[in-house]
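Protein chains: 4
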Amino acid sequence: MSELLADIRSFISERALPLERAFLSRPFNELEPELNALRSEVKRLGLWAPHLSAELGGRGLSLTEFAHVSAVLGETPIGHYLFNAQAPDIGNCELLHAHGSAEQKAKWLEPLARGEIRSCFAMTEPEFAGSNPVWMATSARRDGDDYVIDGHKWFTSSADGAAFTIVMAVTASDAKPHERASQIIVPMNAPGLARVRNISVMGDEGSGYASHSELRFTGVRVPVANRIGAEGAGFALAQERLGPGRIHHCMRWIGICERAFRLMCERAATRELSPGHLLGEQQAVQHWIAESRAEIDAARLLVLDTAAQIESRGAHDARDRISLIKFHVAGVLQRVLDRALQTYGSLGMTDDTPLAWWYRHERGARIYDGPDEVHKSAVARRILKGFGLNSK
Amino acid sequence: MSELLADIRSFISERALPLERAFLSRPFNELEPELNALRSEVKRLGLWAPHLSAELGGRGLSLTEFAHVSAVLGETPIGHYLFNAQAPDIGNCELLHAHGSAEQKAKWLEPLARGEIRSCFAMTEPEFAGSNPVWMATSARRDGDDYVIDGHKWFTSSADGAAFTIVMAVTASDAKPHERASQIIVPMNAPGLARVRNISVMGDEGSGYASHSELRFTGVRVPVANRIGAEGAGFALAQERLGPGRIHHCMRWIGICERAFRLMCERAATRELSPGHLLGEQQAVQHWIAESRAEIDAARLLVLDTAAQIESRGAHDARDRISLIKFHVAGVLQRVLDRALQTYGSLGMTDDTPLAWWYRHERGARIYDGPDEVHKSAVARRILKGFGLNSK
Amino acid sequence: MSELLADIRSFISERALPLERAFLSRPFNELEPELNALRSEVKRLGLWAPHLSAELGGRGLSLTEFAHVSAVLGETPIGHYLFNAQAPDIGNCELLHAHGSAEQKAKWLEPLARGEIRSCFAMTEPEFAGSNPVWMATSARRDGDDYVIDGHKWFTSSADGAAFTIVMAVTASDAKPHERASQIIVPMNAPGLARVRNISVMGDEGSGYASHSELRFTGVRVPVANRIGAEGAGFALAQERLGPGRIHHCMRWIGICERAFRLMCERAATRELSPGHLLGEQQAVQHWIAESRAEIDAARLLVLDTAAQIESRGAHDARDRISLIKFHVAGVLQRVLDRALQTYGSLGMTDDTPLAWWYRHERGARIYDGPDEVHKSAVARRILKGFGLNSK
Amino acid sequence: MSELLADIRSFISERALPLERAFLSRPFNELEPELNALRSEVKRLGLWAPHLSAELGGRGLSLTEFAHVSAVLGETPIGHYLFNAQAPDIGNCELLHAHGSAEQKAKWLEPLARGEIRSCFAMTEPEFAGSNPVWMATSARRDGDDYVIDGHKWFTSSADGAAFTIVMAVTASDAKPHERASQIIVPMNAPGLARVRNISVMGDEGSGYASHSELRFTGVRVPVANRIGAEGAGFALAQERLGPGRIHHCMRWIGICERAFRLMCERAATRELSPGHLLGEQQAVQHWIAESRAEIDAARLLVLDTAAQIESRGAHDARDRISLIKFHVAGVLQRVLDRALQTYGSLGMTDDTPLAWWYRHERGARIYDGPDEVHKSAVARRILKGFGLNSK
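Chains as they are written, first to last, in our numbering: chain P, 3 to 394; chain A, 3 to 394; chain C, 3 to 394; chain W, 3 to 394.
Note that these hints are calculated values from the structure, not bench results.
All of these numbers come straight from a predicted model, not from anything done at the bench.
One or more hints might be untrue.
Heads up, incomplete: computed chain P residues facing chain W, CB under 8 Å, no partners named [claimed, not checked]:
| id | residue |
| --- | --- |
| 1 | Ser141 |
| 2 | Asp145 |
| 3 | Ala192 |
| 4 | Ala196 |
| 5 | Ala271 |
| 6 | Arg273 |
| 7 | Glu274 |
| 8 | Leu275 |
| 9 | Gly278 |
| 10 | Gly282 |
| 11 | Glu283 |
| 12 | Ile291 |
| 13 | Asp299 |
| 14 | Leu386 |
Backbone N, C-alpha and C fix where the C-beta goes; we use that ideal spot for every residue, glycine too.
The shape of chain P in the complex, shown without the other chains (with noise of 0.2 Å):
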């Protein structure tokens, strides 16, 4: 493990980090045919979606052992798509693992697995609050062998580009809240499928995998086999999703606030701020520096024993601790980011480094996944059943 930890540092410090620099400043569209030279790179050296089983290409890492490895590819934009680990992928490939049939995993797993196609999650409507996953419109109304799907989503991350989505839809208004919804297999060609617009987020349509798009569907037709699991299962496969989801979301974190406290201490450390003066004497750089490492080593070690919990004890059991880490990194990331981009001055601004890159993009992370004082609301309320108080 220590050894394959090292072979993908390396891969990410000497082979992804000279092509950063061309992510933050050119289009992904652009850039996809240099980003895939790598991904071959990443194969042939053995390295390819270490958390895949070896059936699937992979390695077979347990969640533990993968957290590590994401913390590695964080440290770049680009980590996670070199290695074929980075989301939606990486969660449609757990559920389709787990709860796909045999047509569908030969079908969208196998060729998802091996990197020859992306995908993407359609779960949020712009009309509905995101905190509220059991709101929605989109519906799936049963025909026949076929399910017709109508709907309106929104921040479907990479669905351009993507060869199907994995649409949440209601397929039992009546039923209990969370037993309404199903998740359903889309081909992105589908007729009635429209990608209506890359959104503008943080003044940038991106493209390609990197963008998010608004989804309106019309009238789609699916064979009822394109379902993932039983009718009305969708919430219970997106709860289950969410425990691996989350650790993978918060090691990567982790990674960002590493590469961004080691570019900090590099600026601290040679950035004259007058003939002979650098800025690492100032204390108030040497207190970001300080505090940072306190915060970045805490929040690893609770992610790490998150992930610890989940394989022993179980997501239900270690629920609480899956919300817990969300807010908790996020925020962490948020401070660290904020400081280095400080450090670095206007020179942070630019995107000469991935600071402000970050410092824009990951101020989502406080919101998507569901907005952290849902979470910590929930997570409240769980606490406090177990002093005997039943609120809402």
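Following the hints, put chains A, C and W in place on chain P, whose structure we already have.
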């Protein structure tokens, strides 16, 4: 004055806001004709450049009076431009008005005041810390009746499309640190002056007025008559422009805060979390609103009181306050924007509101004009001098 | 006015501060004779109770004028007491002055104004949340020309040694919530009124004026003529006293901040970290000083502006601001005290400076008078009403 | 180990907590007999001083094992005392165990381990910054087989009633800074050693174990055999005790956090704001609970991981972490206590819960053992050295 303010407020909400969305998603250069049409309207309504004297086509507002105007203009990213009150032109106008020769005024100030040309101010150099303004390499060597200028500048805002720049250059390298440099007017089309690039800032190179350039001066020759004020007076003049400039900036930030506050309240009052339950019923959101209201009100009073002090006691006597408002208001700005963006959830990440634009570009508020940390230390050292401590 | 302020300032620094250290280490009761000697001196100098009208022996200052005085008195924990401007007597005086009968004024207000007696205000009950002032159990049952009062109060400040209390008691339990209670004067020696204990607050039961008591009313009988104002007007009167009371409190906090700021600067300017290296050269300390200066200045302006609004528009119209300054200034107070204490290191933990006293007792600033959280929610709900949201 | 922990936990909740309230309101000296009775019980149950070796009457726990114990003991202010695991005795025991002579062990360590005597550690001097431990004036001059000690110490915790102190004194003033001082045992009844006062800390002089004294050494004569370790080894020994001592401290703080967290949840789950509406339904309180849970969990893992690093790599290699946990956990402690106290409202200000005691006394956590600011700078300078910056 209150009538003028009401007129400006109306213009901003009725004429400017409809164009704002376009500004957020299209290049400045593309939008310029529409913006300039609005500028003509502003002139026609007699609202043009109210900070300028009547003879320059303005309304001759005092610093405090214009402070109120600046807060209104700040409510949209295009406000100051529409009224020809945008940095850096506003500062260049003040400088030329106070210290320009008759010839300089006729040639540069008057068309600037009329909005026929734009200008820029070349001060910061990439190789030297912006926190130490006397440390620079750009030199203006006297050669007969000319200066020959060599140097490297960056973050020269709005250089793209400007008619001239005022450059800070060392004219006497062996003088005392604060008497080394002079401010010299250089036409942007002067031979040897190259605009190397528009710097990619927060993912965006911008264009025209909305850009920050890197410039290189190679043997650029201008007549000595282009110097503003006395030789070696560069820093003294820069110091002088600092007080009013700080008020303009800070009131612009207050304007941003007010707009963000209103956007936050509108969202809170209308976004449903579940049928019939509104976001504004969440205590977390209520607290953001209350804290923001208190912080904005207090910050506004602090800036206005500082303007009054500058007017009554002069900028030198008010210099502690001029430092204090820099970092204090920048801090309020960042917190208010962060809360407003969070209130919008994923919509806050998009360019459908101006929040994301401000979130990323106004991150610079804590950096430009000297990083907050430098101002904090400087003001504290002056305060501690009053307690008997003379530190370096 | 500026002469009066200067005189008060001199008295505080020359006469009051020398007694402060004794106040920090000895029981109030023991110190009372010395304090009262100083009170006589204040009277002799014509500085007594400047907020009171001339006929009551004061100087008839307006709310805004007295606000400046209050900030000076606040610089030492004994300041307000020495000038007979201490809570809760100051509020009781205002109340009796505005709403007391001629008899009540003669019997209670006049000796209070002369400083011959002290008083208290019994409102909070341990069984009910202070954040919900209309919820209480203490009742005053009409029996002929008497009220018979039964109930349980605590945090009745300064009850120990007081001549009378004003008690808030329910006189009409089936009226609308805000019309249920009345304010009634009860002599502290009334049969059935027991002072159960001085509550141990932050390790200290205190004594005399400097204490907070638990009271029990058991069949306490007072004439109906002891009621202040109309029956059921208890909350309306409490509301009325809130505005000016808030200004007094907040300006007292500003005074504490100013003193703490000066103490912090004195320490920074004189404490050596190693031979020749002073604490004030540490950037962390410099930043505390700068941030404190900005926060105190802004907070002071906010309170003064609120006082001006109360005077010009009335407390009802200024009620948002009256809520805002509560939590905003309490927050500034806590941060400034925390920084000042830290600057003193272990000396800051001792009672050799007033910082530790304020640190522990003014922790209550965020609790007394309604916890900050309640004020924040209340003001936000009122603001959001303006945006169309009517929440409970 | 888990059985031992369960036994200790039971003892704390069943036997110690009932005495806690008395500790909060009565002088330590008065309570000592009752505490000592409980100590006997602890011994009888075989739970005594579990960090000590079996031959000294303990259980020989490793650093990490005892860390878990320390968190449990920390849940009440009297916990460590009852198990004879209280600072500074625990540190003195470790020191004497590792470096004491046979005679020193027999005379001082053994009765200390049995809890028959108490001890103290005289290091800090009022005239010198605690942040600079090598700067002190107390000297121990060699005179034949004796040392003659002169000096002034303060914040010598638990000197009142101690049998002996270990004093840090300069034995070679012209040696290198870190080789100047030695640690010497001085019986508290030695002629010339005066306990000047118990310092009034946060309003309380305390007594006995629960006090901090000022000491004056005037020609105090002790045999050279009282020196611990080599002459000039004072700092090296102090350094050595630092690592384990930091773990003890930090885990005690974690224990305080856990108790405060439980108290906060109990209050939230039971306090009504209005009939049927509980405090824990307030989102602000929920967020305090969630944030506290995350911060405590992360901090605990960070301390335990540091303990493991000390055990595996030694304190020297783990010294960055030993610095990091100091300020990181102190920060968490202060935030958690502040939230818990606020949850209790005015009750939180009283001594009816231990929160107010911790709030005021544990404010010292950010000061004692070197102020946080010094640790932050020190660790940052070491980190930056790895990036090539060698600052002073």
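Holds or violated: is the Cβ of Gly282/P closer than 8 Å to a Cβ in chain W?
It holds, given that the least Cβ distance between Gly282/P and chain W is near 5 Å, below 8 Å.
Could you check if Glu274/P really has its C-beta closer than 8 Å to a C-beta on chain W?
violated (11 Å)
Does Gly278/P pass the interface check with chain W, least Cβ-Cβ distance below 8 Å?
violated (11 Å)
At a threshold of 8 Å, is the proposed contact between Asp145/P and chain W supported by beta-carbon distances?
violated (43 Å)
Given hint Glu283/P near chain W, where the shortest CB pair must fall under 8 Å
Given a least distance of 5 Å, the restraint on Glu283/P holds.
At a threshold of 8 Å, is the proposed contact between Leu275/P and chain W supported by beta-carbon distances?
Since chain W brings no Cβ nearer than about 12 Å to Leu275/P, farther than 8 Å, the hint is violated.
Hinted contact Ile291/P with chain W - closest CB pair below 8 Å
holds (4 Å)
Chain W contact restraint on Ala271/P - CB to CB distance below 8 Å:
holds (4 Å)
Cut-off 8 Å, beta-carbon criterion: hint that Ala196/P touches chain W:
At 39 Å from the nearest chain W Cβ, Ala196/P fails the 8 Å test, so the hint is violated.
Holds or violated: the hint that Asp299/P contacts chain W, with Cβ atoms closer than 8 Å.
holds (6 Å)
Let's test the interface hint: is any C-beta of chain W closer than 8 Å to that of Ser141/P?
Since chain W brings no Cβ nearer than about 32 Å to Ser141/P, farther than 8 Å, the hint is violated.
Does Ala192/P hold up as a contact with chain W if the rule is Cβ-Cβ below 8 Å?
Not OK, violated: Ala192/P not within 8 Å of chain W, min 41 Å.
In summary, the numbered hints that this structure violates are 1, 2, 3, 4, 6, 7, 8, 9.
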